[in-house]
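Novice: Take a look at the letters that make up each chain.
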Amino acid sequence: MDHLCDVADRFLSQAPACDYWTIRLVEEEQDHLEVRQGVVEPSRLNSTSGAMITLVKGSGIGYGATSDLSAAGLRAAAERAADWADLHARLGLFDSGLYPRSSTRADYRTCVEESWSAWSISEKLDLLRAANEALDIDERVVDWAAWLQRRRVVQLLVTSDGGRVSQIMQFVHPGVVAVANQGSQTQRRHGGGADWAQQGGLERVAAVHFLEDAPRVAEEALRLLDAPECPTDTRDLLLLPSQMVLQIHESIGHPLELDRILGDERNYAGTSFVTPGMFGRYRYGSELLNVTFDPTVPMELVSGVADDEGAAASRQYLIRRGILERPLGGPLSQARAGLPGTANTRASGWDRPAIDRMGNINLEPGEGSLADLIAQVERGVLMDTNRSWSIDDSRNKFQFGCELGRLIEDGELKGLVRNPGYRGISASFWRSLEGVGGPETLEIRGVQNCGKGEPNQSVYVGHATPPCLFRDVAVFGGGQ
Amino acid sequence: MSAERFFELADRLNTDLHGAEILFCSVSNEQSDFVRLNRNRVRQAGHVQSAALGLTLIQGARQVEGGCDLTGDPEQDEAQGRRLLARLRERLAHVPDDPYLNYSTEPAESLRRCVERCVEAPAAIAELIEAADGMDVVGIWASGDIAEGLVSSIGHRHWHESTSFNLDWSCYLETDKAVKAAYSGLQWDAATLHRKLDEMREGLHLMARPARVLEPGRYRAYLAPSAVQELMDMLCWGGFDLKSHRTHQTPLLRLVRGERAFDPRVGIHEELDRGLAPTFTDEGFTAPPRVHLIEGGRFATCLVDARAGKEYGEPVNAAGGAPGSLGLDPGNIETADVLAQLGTGLWIGNLWYCNWSDPNDCRVTGMTRFGTYWVENGEIVAPVKVMRFDDSLYHLLGDRLEGLTRERELLISPQTYDGRSTDSALLPGVLVSGIELAL
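Chains as they are written, first to last, in this note's numbering: chain A, 1 to 480; chain B, 1001 to 1439.
In short, the hints are calculated from the structure, not lab data. Note that beta-carbon positions come from the ideal geometry of N, C-alpha and C, so glycine has one too. Honestly, I wouldn't trust all of these hints.
Here are the in silico distance ranges between beta carbons for each label pair [to be verified]:
#	chain 1	residue 1	chain 2	residue 2	range
1	B	Ala-1300	A	Asp-136	38 to 44 Å
2	B	Pro-1216	A	Gly-338	45 to 51 Å
3	A	Glu-79	B	Ala-1340	37 to 43 Å
4	A	Asp-226	B	Asp-1418	20 to 26 Å
5	A	Asp-136	B	Ala-1382	38 to 44 Å
6	A	Thr-296	B	Arg-1089	47 to 53 Å
7	B	Thr-1105	A	Asp-226	45 to 51 Å
8	B	Asp-1418	A	Ala-312	18 to 24 Å
9	A	Cys-5	B	Pro-1216	55 to 61 Å
10	A	Asp-6	B	Pro-1289	35 to 41 Å
11	A	Asp-138	B	Gly-1258	22 to 28 Å
12	B	Glu-1008	A	Leu-98	42 to 48 Å
13	A	Gln-14	B	Glu-1199	46 to 52 Å
14	A	Asp-226	B	Arg-1212	56 to 62 Å
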């Protein structure tokens, strides 16, 4: 952070003459260790650092991003931003008066119990080798891997209105995968934290039962080879958190992004079936559906104090008892739309301008255990771990596939089924929600590759969710 | 960063090597203007300058990789590079021998520059906005310089640079009724822009008709090149790389095993001789001009990167496992005859958000989007409400393939996740006797 403070001071000493400016400085480090089929893959040590300068000049807004953090480099980036502000002033979609100005002063640090440096490289590689041995249990397991990835993001936002937000976020992402094959059938299972990302340090390894999970992952991949296909019919659907993450992400999170509703994403990521008039009155789902934007959940992927334009972040309901309340829009989108929103203007790094993104989008728990949910099902299927996702550009017609399914009959779990998938329409699907697990079933998860924006950006998104039960959903299996 | 400056930096880093160390230095350099449009106005505009250095340090049979950003200042960059080298050297001491370490030991050089004077972005944007007055334009303009380079301590020296523009946009009538276009290249021609806008106006005129709602079922269909691209992108996802094949993870497993086949007219190739993407790999190999992936409907050759080449004893023919310059062979249907040959069915302008429904059967799901129409007796009669398809490529490129167009379209990727992409695809349109619409 000291280095970024020096750069900020350097920029301050030559701040451009304009109505408002921000400088967002980002320094990121990544370390990736992986062992695949018992062989240590080349480790990768990556770092990136740069500045995104945004200027408001007259009625225009422009940005300039650079990896050159010298005085000359920052000056050049600011000049570029000013040039683009001039174009925006002539041909812009809205007046710069709508652009939010921040004077927020706040700090955030991920609470790390065990730092990345606490283990030697040898200790990390030994763990990964042990996981490999635990995965390699049968000649039908044709590929297997275990990894540890570390990411540390240091970000400093300074504004001409006296705003100063410093955030240091740290992540350790462990994971394992096993691939089993028999003839023309190949099945894959992930585990060991592969789809269970949170903030934190090496304590994540124990928290996700990394090594202990490896045998289960391999065994299930093998069992799926001989399992029957998921039946093709309409039945009840019980989704574990490992799939609820994608269901929430695609058919609640994205449709509520206010910049989509305003039309900004129509050429790429799409628009939304949600219209401004729906907020405050539209029934999005059953009474059991409560969804929040929550930056306060400890260790969730996008927990923090402010967004990337300095809006202070706070917990907000997006959907309460099934009724749509509030969109996911930062202050600029709120001003454009005349709607309240959230502090969710984010960028993937220093080289992209911030736009409306999801933060932590959570489905609030209800009551009861997983067993209680299963007991409510006469004829259904449970699905675990997303492997495929697809939805239309208005966020309505979706289709998901999972790694593993289990039949439910008369309130009891039965045998495995393979290649389980389901499809539906957002507008009706959430109204068929009839069971939401209690607090004891809640899992804090997320996705690491949410893509959106032009130019394109991929960001982390957090999703905390319990398992959920839906009635009468179209499910299907594999084959032609 | 210029080629000269990168070569100089790499040469200086090479002087810092110890003993028998070998170093491969790569750079990805971009100076890009981005202008985002909505409602035919500028939504967000700016400039990104970035230069990312990649190092692979090798000693004996051990290797480590790393990367950092460069500033453009020679002294600072050299210091940055040396710091990274030191970190890699420290890591190298703790990693075991790598049995799949593979790098070119034969020095080679190449220099390719396609650096014309690119149109000034503000002028082009102003021209677009004026020409599209009254239209609801939404999209992205990207332009500027892209460069990639490679130097090794063995003697490799490569540089690939281009200055280009890429305009990717759509025009909306209302809600989900829209048509899409793309215009990219090295030389800007306003007449081309105007022609594309006129074509879009014709498309919007058709979009104004009441939309047809289709029931799930199987329909005759013509997939325009942009729609075919989505299907090709799915195949590129694990379909062709050697490691994926040897571990039975390729979605083309049944094709390889001889259980399924594509139509004999289907030929798919990696065509680096198109010249839009670098031909050198990070390990110093030079990929061949063409790799024949599918020929006569049968699987031909995998893409073999350096690591897989060593593991399986195959010659290296690619930088990675996915094609970056894909080509699908043309057929003999004249584009002007497509509607007549389609008869009654769907004209699909674009597909969207495709993903695997079941990779074991090369089964893909996705949505129709942009410029999709219902056709009756060879006449476009109405736009179609978005529909989900779920079907196997063994059908769409196999037993239900009726033909491919003679004319092909060069589609240059507008993707910018890891910097501005140099990927491209040369694709015909595809006529099928049936595509399964699921929802």
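Novice: Against this structure, judge whether each hint is valid.
Specialist: Going down the list of hints, with the structure as the test:
no.	hint	result
1	Ala-1300(B) / Asp-136(A): 38 to 44 Å	violated, 32 Å
2	Pro-1216(B) / Gly-338(A): 45 to 51 Å	violated, 39 Å
3	Glu-79(A) / Ala-1340(B): 37 to 43 Å	violated, 56 Å
4	Asp-226(A) / Asp-1418(B): 20 to 26 Å	violated, 40 Å
5	Asp-136(A) / Ala-1382(B): 38 to 44 Å	violated, 57 Å
6	Thr-296(A) / Arg-1089(B): 47 to 53 Å	violated, 43 Å
7	Thr-1105(B) / Asp-226(A): 45 to 51 Å	holds, 47 Å
8	Asp-1418(B) / Ala-312(A): 18 to 24 Å	violated, 32 Å
9	Cys-5(A) / Pro-1216(B): 55 to 61 Å	holds, 59 Å
10	Asp-6(A) / Pro-1289(B): 35 to 41 Å	violated, 49 Å
11	Asp-138(A) / Gly-1258(B): 22 to 28 Å	holds, 26 Å
12	Glu-1008(B) / Leu-98(A): 42 to 48 Å	holds, 46 Å
13	Gln-14(A) / Glu-1199(B): 46 to 52 Å	holds, 48 Å
14	Asp-226(A) / Arg-1212(B): 56 to 62 Å	violated, 44 Å
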